[in-house]
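Undergrad: Each chain, written out:
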Amino acid sequence: EAQVTQNPRYLITVTGKKLTVTCSQNMNHEYMSWYRQDPGLGLRQIYYSMNVEVTDKGDVPEGYKVSRKEKRNFPLILESPSPNQTSLYFCASSLWGSSTDTQYFGPGTRLTVL
Amino acid sequence: DAKTTQPPSMDCAEGRAANLPCNHSTISGNEYVYWYRQIHSQGPQYIIHGLKNNETNEMASLIITEDRKSSTLILPHATLRDTAVYYCIVRDPYNQGGKLIFGQGTELSVKP
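Note that the protein sequences, when read in sequence, are chains A and B. Under the numbering used here, the residues of the first sequence are numbered 1 to 114, in order. Under the numbering used here, the residues of the second sequence are numbered 1 to 112, in order.
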């Protein structure tokens, strides 16, 4: 089954404790992206990747890092999480990232930073 | 990217057609109209997209006006599982980063 998976689905952590949220897709997509969703602010793009070893900032990249060492995986790294990073995170992928591509979303990771 | 305007909420009776409107009066000629939905904090789900012509798939139909300034998503026989927030998104082909810009969407409640 074609899908985007994220782990963990739920995470409660404390300020400053490094964490990684994994994202994997099995559709051989070139493009992957991370969004965060907050009440009243909608979904906002954090980082995206057009291909292996090619990543770029989205609208809200501060406090986050990403890597794209292989096509199927696009982990989101929070080196020193803070409470304002408490949010619902979604990973997405599409074939090329163009406006005619359909983006497929993962199930989400709900992160709470205390 | 062109902005979209949707009603914040709508109700629909189960089994009836749900018609969700979207205004995108500043859309340009090469921008696509996409519809996604999000069921209770799950990942957004793609529904349908179009450029000029009406489109239909197994989930829904998309009607785009001739001037392309508005569109309507039609769920022909709404079920309780169609209760969700529906997002109308206009995509700029020259958008750097391929991002989807989600507005506030329409919260559709399908009632028995």
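One or more of the hints may lead you astray.
Taking beta-carbon pairs under 7 Å as the criterion, some of the chain B residues facing chain A (in silico) [unchecked claim]: (1) Tyr32; (2) Gly43; (3) Pro44; (4) Tyr46; (5) Arg91; (6) Pro93; (7) Gly97; (8) Gly98; (9) Lys99; (10) Phe102.
Here are the computed lysine to aspartate or glutamate pairs in the EDC-like style, where the Cα-Cα straight-line distance is at most 20 Å [as the list claims (entries may be wrong)]: (11) B:Lys52 with A:Asp101; (12) B:Lys3 with A:Asp59; (13) A:Lys71 with A:Asp38; (14) A:Lys18 with A:Glu30; (15) A:Lys57 with B:Asp92; (16) B:Lys3 with B:Glu107; (17) B:Lys3 with B:Glu14; (18) A:Lys17 with A:Glu30; (19) A:Lys69 with A:Glu30.
Not close to chain B: a few residues of chain A, all C-beta gaps over 12 Å, as computed [unchecked claim]: (20) Ser49; (21) Glu53; (22) Gly63; (23) Ser98.
Derived by calculation from the structure, the hints in this document are not laboratory data. The beta carbon of each residue, even a glycine, is placed where N, CA and C say it ideally should be.
Undergrad: Would you mind marking each hint as holding or not holding in the structure?
TA: Now for the hints, and whether the structure bears them out:
1. Annotation: Tyr32 of chain B was flagged as interfacial toward chain A, and the flag holds, the nearest CB pair being 5 Å apart, inside 7 Å.
2. The beta carbon of Gly43 of chain B is positioned within 7 Å of a beta carbon in chain A (closest approach about 3 Å), and the interface hint is therefore held.
3. Interface restraint check: Pro44 of chain B against chain A, minimum CB-CB distance 5 Å, threshold 7 Å, status holds.
4. Against a cut-off of 7 Å between C-beta atoms, the interface hint on Tyr46 of chain B holds, since the closest Cβ of chain A lies about 5 Å away.
5. The beta carbon of Arg91 of chain B comes within 4 Å of a beta carbon in chain A, closer than 7 Å, and the hint placing it at the interface holds.
6. For Pro93 of chain B, the suggested interface contact is upheld, since its CB lies about 4 Å from the closest CB of chain A, less than 7 Å.
7. Checking Gly97 of chain B against chain A by beta carbon gives a least distance of about 5 Å; that is within 7 Å, so the hint holds.
8. With its C-beta approaching chain A no nearer than about 3 Å, Gly98 of chain B sits inside the 7 Å limit, and its interface hint holds.
9. Below 7 Å, beta-carbon pairs count as interface contacts, and Lys99 of chain B has one with chain A at about 4 Å; its hint therefore holds.
10. With 7 Å as the threshold, the beta carbon of Phe102 of chain B comes within range of chain A, its nearest partner Cβ sitting at about 4 Å, so the hint holds.
11. Proximity of Lys52 of chain B to Asp101 of chain A is assessed by CA-CA distance (about 16 Å); at most 20 Å being required, the pair is judged to hold.
12. As the CA atoms of Lys3 of chain B and Asp59 of chain A are separated by approximately 17 Å, the hinted pair is consistent with the 20 Å bound.
13. Of the pairs offered as hints, the one joining Lys71 of chain A and Asp38 of chain A is violated, with about 28 Å between alpha carbons and a cut-off of 20 Å exceeded.
14. Using a Cα cut-off of 20 Å, the hinted pair Lys18 of chain A and Glu30 of chain A is violated, with the two alpha carbons roughly 27 Å apart.
15. With a CA separation close to 18 Å, the supplied pair Lys57 of chain A and Asp92 of chain B stays within the 20 Å bound.
16. As the CA atoms of Lys3 of chain B and Glu107 of chain B are separated by approximately 18 Å, the hinted pair is consistent with the 20 Å bound.
17. With a C-alpha separation of about 30 Å, the suggested pairing of Lys3 of chain B with Glu14 of chain B is violated against the 20 Å cut-off.
18. With a C-alpha separation of about 31 Å, the suggested pair Lys17 of chain A and Glu30 of chain A falls outside the 20 Å cut-off, and the hint is violated.
19. About 12 Å separates the Cα atoms of Lys69 of chain A and Glu30 of chain A, which keeps this hinted pair within 20 Å; it holds.
20. The Cβ of Ser49 of chain A does not lie farther than 12 Å from every Cβ of chain B; its closest approach is about 10 Å, which violates its non-interface assignment.
21. Even its closest Cβ contact with chain B, about 17 Å, leaves Glu53 of chain A beyond 12 Å, as expected for a residue assigned away from the interface.
22. Every CB of chain B is more than 12 Å from the CB of Gly63 of chain A (nearest about 18 Å), matching its label as outside the interface.
23. For Ser98 of chain A, the condition that its CB be more than 12 Å from all CB atoms of chain B is violated, with the nearest at approximately 7 Å.
The structure fails hints 13, 14, 17, 18, 20 and 23 (numbered hints given earlier, in ascending order).
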